[in-house]
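Using the sequences and the hints, build the whole thing.
For the sequence shown, my numbering assigns the number 1 to the initial residue and increments by one for each residue that follows.
Source of the hints: derived by calculation from the structure; they are not laboratory data. One thing to keep in mind: the hints can contain errors.
[Claimed, not checked] Once the Cα atoms are required to be at most 25 Å apart in a straight line, the calculated SDA-like pairs of lysine to any residue come out as:
{"hint": "1", "residue 1": "K9", "residue 2": "Y39"}
{"hint": "2", "residue 1": "K19", "residue 2": "N53"}
{"hint": "3", "residue 1": "K51", "residue 2": "V40"}
{"hint": "4", "residue 1": "K19", "residue 2": "A78"}
{"hint": "5", "residue 1": "K9", "residue 2": "G35"}
{"hint": "6", "residue 1": "K9", "residue 2": "S37"}
{"hint": "7", "residue 1": "K19", "residue 2": "G35"}
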Amino acid sequence: MYSTEKRGKREVMSRPQWKVVIQFLVVILYDTLVGESEYVDDHRSSMTDVKLNGRLNKCSVISPRLDLGDRVLECKAAPL
Numbered sequence: 001m002y003s004t005e006k007r008g009k010r011e012v013m014s015r016p017q018w019k020v021v022i023q024f025l026v027v028i029l030y031d032t033l034v035g036e037s038e039y040v041d042d043h044r045s046s047m048t049d050v051k052l053n054g055r056l057n058k059c060s061v062i063s064p065r066l067d068l069g070d071r072v073l074e075c076k077a078a079p080l
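Take a look at the structure:
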């Protein structure tokens, strides 16, 4: 998404899609960081069409190394 925004485009088509990526798009859609998103499943490789709002910052993955139980993680993920 970042490279598309950098080129000045307002729409991103990404493929292939995994369930985690779709869930991430739903979360940032609630925060109005992106506009509409459309999921297209053609039974070969699914793709998502996302309309961008404004500008995106370059971001990376943060993976904390914490010893937490499954129940604690489920409680933290439930509000999302």
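Consistency of the hints with the structure:
no.	hint	verdict
1	K9 <-> Y39	19 Å, holds
2	K19 <-> N53	23 Å, holds
3	K51 <-> V40	14 Å, holds
4	K19 <-> A78	16 Å, holds
5	K9 <-> G35	13 Å, holds
6	K9 <-> S37	15 Å, holds
7	K19 <-> G35	19 Å, holds
Violated hints for the displayed structure: none, as all numbered hints are satisfied.
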